[in-house]
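**Student:** What follows is the residue order along each chain.
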Amino acid sequence: MEPIIQLKNVYKSYGPRQVLKGIDLEIYPGQIIGYIGPNGAGKSTTVKILCGLINDYEGSVTIKGLDAKKDILTIKSIIGYIPELADMYDVLTPFEFLGFIGQLYHMPEELINDRMTRILRAFGMEENLHQRMDTFSKGMRQKILIASGIMHDPEIIILDEPLSGLDANSVIIIKELISGLAKQGKTIFYCSHMMDIVEKVSDRIVLIDQGRVIANGTFQELRQNRGNDSLETIFSEMTSTESPSLKAHDLINLFEKAEDKSKS
Amino acid sequence: MNIINKGLVSLALLPKFLYRKMGADVNDLRLILTTKLLIDDRRPNTLHVTRSRKQTKSISLATVGTMIISAVMGLFFLVSFAIGSNMVTQMTIYFTLFTILLTLTLITDFTSVLIDVRDNQIILPKPVTDKTFVLARLLHIFIHINKIVLPMSLAGLIFMGIRHGAWQAVVLLFAIFMVTVFSIFVINTIYLAILRVTTPQKFKTIISYVQIAMTIAIYGASQILPRMIDAQNFLRIDFNNKSWRWSVPTYWFARGWNFFQSLQGGRENLAGAILLLAVPVFSMWIVIRYLAPSFTRKLATMTSGSDGDVVMPKQALNESRSFWPRLTRNLSTLLTKSPEEKMAFQLTWKLTSRLRDFKLKVYPGIGYMAVFIFIMVFPNFRKNGMPETFSFAPGIVLGMTYASGFIFITSINQLQYSESFKASWFYLTTPIKNPGHLFSGALKAAAVKLFVPFALIASVIEIVLYGYTVIPNLLLAFSNVLASSIFISLLTFQSLPFSSGQTASQQTSVMFRFIGCSLVAGLFGFLHYLIFSFLPVVIIGIVLSLIANWLLINTLKNRSWSRVRASYED
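Here the protein sequences line up with chains A and B, keeping their order. By this note's numbering, the letter at position 118 of the first sequence is numbered 118, and the numbering carries on one by one without gaps. To convert a position in the second sequence, counted from 1, into this note's numbering, add 264.
Hints are supplied without guarantee of correctness; some may be wrong.
Restricting the straight-line Cα-Cα distance to at most 25 Å, the calculated cross-link-like pairs of lysine-lysine (DSS-like) are [stated by the list, open to error]:
#1 B:Lys285 / B:Lys270
#2 A:Lys70 / A:Lys8
#3 A:Lys8 / A:Lys69
#4 B:Lys697 / B:Lys506
#5 B:Lys821 / A:Lys69
#6 B:Lys280 / A:Lys70
#7 A:Lys138 / B:Lys686
#8 A:Lys21 / A:Lys69
#9 B:Lys601 / B:Lys713
#10 B:Lys466 / A:Lys138
#11 B:Lys697 / B:Lys623
#12 B:Lys686 / B:Lys697
#13 B:Lys468 / A:Lys138
#14 A:Lys70 / B:Lys623
#15 B:Lys686 / B:Lys821
#16 B:Lys285 / B:Lys390
#17 A:Lys69 / B:Lys713
#18 A:Lys64 / B:Lys270
#19 A:Lys69 / B:Lys686
#20 B:Lys280 / B:Lys270
Calculated directly from the structure, the hints in this document are not laboratory data. Since the model is a prediction, treat every value here as computed from it, not as a measurement.
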């Protein structure tokens, strides 16, 4: 099977700072990829390259056999991008905002209306369709962003921390949505810090640190290789030079010492 | 912290003993105040545009700008001393101007400070007493007001000191303090009245409409009132003869000033003195006891909308079928070709009605335009009513017609900008082939919404006044306004609609663009003036102008991504 997303030796710098240092990645149709890494590892830069937001990188990126530098418009039409709590013109209503997004994907009006109504109904927000978004909570806004990323029925869905601000019930809906869409043959590129969810939903986990892929495999494979039970522990061991629990203890000691001093 | 703020903080904290007695912690007070003032100085200011993002000077331009503009206003108030036959009348005019402009300045410039309650989240969970918190808010307001009031009163105080003596100036300073207290009461009342008739969420929107209405009213009044008033009588006006005089609070203050400056006078002066002392004190008591707590409570509900579990009013109504959305949809279908152009048309139509910063920058122009047209049509308007005949002159017809494009020209200079510019990320993630279509869609929406209605009104007025013979000239003028606007858009549109934040340098460039666009339209207008009476030439002009429009809009539509400034920001 041909990979639907392929990154070969991708480098990207912001001025003197090199953010990606030769990323190689192959993703196949219908896979759910959990893309994880510490802050500043290069996750968002990879996402922006895949979505066509950045095109001044070195190396090769192909999506469905199309060169991401040359055929970016076709690529954009098969990708659905769901950013993390991105800004919106919140003086608009979801009906207006999603209508505009749908038009930019050249969807017919009836289809736009049908899809947005059904998606918002699933999120329990059907009655908020004509309400200005400046009255919405974070979770409601994130649901609208999710709707904007999937309403044109994309083949590849790129999610950047999609669960921010969502309540427990909505998280369950999104997790099932991700699994269901993958079963329909859609490819999911899931970028997150929430290890427990990545562990549960991903077919394959790609861990990057300092611009390089440092682990790539199923959760079972990672667990066998590292001899650990949870993704959180594996992540911490591979990306941190110092144990997080040691750092936490340092902080606790700081207060104990302060208390001792004040007593003495 | 800059020296001005330092001085004002020290002044505000002078009665430390009193604050401690009230239960406030003076150290906490000082810390909160200095932090708030630091934040204020880094906040953009609506009064002036000369602000850069990187502040290096200790006295920020925001503070200096506010103070300079206030001082200039204070100079303007000296006009009061040239009007009226006696000091009470002059002081009434002075205090009236002072109250109106102080209230307006505070509403326009201070609202953002007053309704910014983000500090609640930081301060309230900390061990800071309620008294300290409330007092910090009040003193912050006091300091900010002084940055306006002190320079605003400077010219009046100097004039009073030189002309009448030091004691009179001291009394004026005291009276100004009382007038300021009264103005705070007026502002609080206005805010609460607005909050009573609307939801806290719509508060900012309503405030922006109040700002627009006040700007229009002040400009309109400054232009039309002097024309309505007989200048000779006006200069000799004496409020002491007017039966309505006691219904104007600033007359009470003028009487009060008169009492204290001479320390003598009859019953009226004494009544004024009592009112000068009692009304501000009583109104301050109302503010502290009732208005401020009520306002703070309302503000608290304003901020709770962002994160919490807000109970939303459910709307079953299908608004998409109501008149205005249907009109927008039909117009966009009629006037645009591609989905991108249609989307930009609809987005622009909605955002130009809803974005606060756009409305504040563009809509006051309606007042300027209306007044300009009024003055052109009725140059000899007097208080006795409408003139019996209207003078017909090509200059008047053309002036009126080209002036109807004023709002449109102002709006196209603002179309690229928005405070919410980061919301434009979707332009880059969706498959937009021709970004030029976004420009043309936005321009068409602005033309239909902000030019066509005014052009129609101007046409009706001119046809009624001058007859059907003006129609060809009207058509040529409208076509020229459109052509010059598209021409300027071609030269200046770089960012997609509402996708750029407005920095100081961009605000300056907007001003230059507006001047440039006005000059181009003026040039067209001048050429039009030359051919005004030659109908065949006017008709040829219409054809040429329409062709120019067609060519220009197509050039704009073909603009590629390489000529668009677009960046994605997290």
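**Student:** Against each hint, give a clear statement of whether it holds in the structure.
**Tutor:** Going through the hints against the structure:
Only pairs whose Cα atoms come within 25 Å are accepted, and lysine 285 of chain B paired with lysine 270 of chain B is accepted, the gap being roughly 24 Å. With a C-alpha separation of about 16 Å, the suggested pairing of lysine 70 of chain A with lysine 8 of chain A holds against the 25 Å cut-off. For the given pair, lysine 8 of chain A sits about 13 Å from lysine 69 of chain A by alpha-carbon distance, which is consistent with the 25 Å threshold. With a C-alpha separation of about 70 Å, the suggested pairing of lysine 697 of chain B with lysine 506 of chain B is violated against the 25 Å cut-off.
In summary, the hint linking lysine 821 of chain B to lysine 69 of chain A is supported, as the alpha carbons are separated by about 23 Å, within the 25 Å threshold. The straight-line distance between the Cα atoms of lysine 280 of chain B and lysine 70 of chain A is roughly 69 Å, outside the 25 Å bound, and the hint therefore fails. Note on lysine 138 of chain A and lysine 686 of chain B: the hinted pairing holds, with a Cα-Cα distance of about 16 Å set against a maximum of 25 Å. With a C-alpha separation of about 19 Å, the suggested pair lysine 21 of chain A and lysine 69 of chain A falls inside the 25 Å cut-off, and the hint holds.
Annotation: proposed proximity of lysine 601 of chain B to lysine 713 of chain B holds, straight-line Cα distance about 18 Å (limit 25 Å). Restraint check: the Cα-Cα separation between lysine 466 of chain B and lysine 138 of chain A comes to about 19 Å, which is no more than 25 Å; the hinted pair holds. Taken as a hint, the lysine 697 of chain B and lysine 623 of chain B pair is broken in the structure, with Cα atoms around 30 Å apart against an allowance of 25 Å. Distance restraint check for lysine 686 of chain B and lysine 697 of chain B: the Cα-Cα separation of roughly 21 Å lies within the 25 Å cut-off, and the hinted pair is therefore satisfied.
Between lysine 468 of chain B and lysine 138 of chain A the CA atoms are separated by roughly 20 Å; this keeps the pair inside 25 Å, and the hint holds. A hinted pair counts as satisfied when its Cα atoms are at most 25 Å apart, and lysine 70 of chain A with lysine 623 of chain B does not qualify at roughly 40 Å. Restraint check for lysine 686 of chain B and lysine 821 of chain B: the C-alpha separation of about 24 Å stays at or below 25 Å, so the hint holds. Between lysine 285 of chain B and lysine 390 of chain B, the direct Cα distance comes to roughly 21 Å. Compliance with the 25 Å bound is thereby established for this hinted pair.
Under the criterion of a C-alpha separation no larger than 25 Å, the hint pairing lysine 69 of chain A with lysine 713 of chain B is inconsistent with the structure, at around 39 Å. Simply put, lysine 64 of chain A and lysine 270 of chain B have alpha-carbon atoms about 63 Å apart, too far for the 25 Å limit, and the pair is violated. A C-alpha spacing of about 24 Å is found between lysine 69 of chain A and lysine 686 of chain B, which places the hinted pair at or below 25 Å, so the restraint holds. Proposed proximity of lysine 280 of chain B and lysine 270 of chain B is supported: the alpha carbons are some 16 Å apart, at most 25 Å.
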